[in-house]
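Dock chain F against chain G, hints included.
Here are the chains, one letter per residue:
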Amino acid sequence: MSKLGIIINGIVKENPTFVLLLGMCPTLGTTSSALNGMSMGLATMAVLICANFVISCVKNLIPDKVHIPCYIVIIAGFVTIVQLLIKAYAPAVDEKLGLFIPLIVVNCIVLGRAESFAAKNGPLDSACDGIGIGIGFTLALTLLGLCRELLGAGTAFNMPVYPEQFGALTFVLAPGAFITLAYLSALFNKFIKK
Amino acid sequence: MAKLENSLKNMVLSLTAITVIVGALLGYVASVTDEPIAQAAAAKQQNAIAAVVPVEGAQAGEAQKVVTANGEEAVIFPVTKDGQLVGHAVQAVSKNGFGGKITVMFGFDPEGTILGYNVLDCGGETPGLGAKMPDWFQKGAKGDVIGKNPKTNNLTVSKDEGEVDAITAATISSRAFCDAIAQAFGVLPVVEAAAEAQTSATKQAAGTSESVNEVAGE
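Chains G and F, in that order, are what the protein sequence lines are.
With our numbering as the guide, the letters of the first sequence map in order to residues 1 to 194.
With our numbering as the guide, the letters of the second sequence map in order to residues 195 to 412.
Keep in mind that the hints were calculated from the coordinates and are not lab data.
Quick reminder that beta carbons are idealized off the backbone N, C-alpha and C, glycines included.
Careful, some of the hints might be misleading.
[Unchecked claim] Derived, one-sided and incomplete: chain F residues facing chain G with beta-carbon distance under 10 Å:
no.: 1; residue: Leu198
no.: 2; residue: Ala224
no.: 3; residue: Val260
no.: 4; residue: Val261
This is chain G alone, in the form it adopts within the complex:
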């Protein structure tokens, strides 16, 4: 598969949110607005690319029996680096997502791609897979956040679209996350998976 093919595969055919249904906790938790969803997606993408690349480089130096602890240490290292960088240079993002960033460590997308892709492919292909899956995740989270924000608060990327009192508050709260996710997955699979 070409590098571009791998990237597109991650965005469409193996979209982590709408097709693989992985990483549901941050998906539901951080998408109360489009901007939050996008920041979370980008942070995850950074970790995915770095972790996939490094794990693919060192995969032969790791004995099978300890591969999960080794992968987790590498992933946790990158997550902590991303967290420190966000805290230092984007305090506003940290305020919104502070709680969810450390949880990227246990995001099953990251470990899942390390296991199913990086452990079997070369470093460059693995980095491309990280980019593809990362873009897929970011797009999904942004779209989900945009729908919830638009229906719930009447804004898009914090810009008012219609008066707030006509919004259905449910969509900003947790139940709205499930409803929106289900509808978007259904639509996505109807039009793209075929």
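Same frame as chain G, but now just chain F:
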């Protein structure tokens, strides 16, 4: 290169090597980001103080930590301009938020009139309801508390016979906000005499708020 076999030596070596390398890398990144993180925190505090005591060219003085009537820690920053006291910024905590504690910074002028406020943490409040707190009580908004003095105005929600309009469907969050005002006002240096009266008022508010469901509250 073939995969390393599962011998004890290999496992110990590879796991140790990876943790040592990752640890060293983290140590380096932490040492680089330490300063910007501290700066960001300090800048945030300065901005919060400047926002609640809107006096041109004013300087925030040494922070002073006190304990408020509800047993939480509050921080008082005297704000001066050309050596003259123009007000205080008080960061206070209310335990009665819908989802736990809320932290609000208030600006008071020397007489105790509220100049402004800045919600630093209302993470546990419901989005769209209690989380409207940062805007709801600002000047010109529905629950406007700016320019009022807890000494002369009864700053509790209208349901408790006060004169603050509660956030629609979020009475508990609004009560917590009023509680935070009371806590902050209670430790304000210039009005210590009023503190005792506030303490008893707060206890009453705390007693009633827990039994009411926030969403059904309005």
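A quick look at each hint next to the structure:
| no. | hint | in the structure |
| --- | --- | --- |
| 1 | Leu198 | 5 Å, holds |
| 2 | Ala224 | 6 Å, holds |
| 3 | Val260 | 26 Å, violated |
| 4 | Val261 | 26 Å, violated |
Hint violations for this structure: numbers 3, 4, all remaining hints satisfied.
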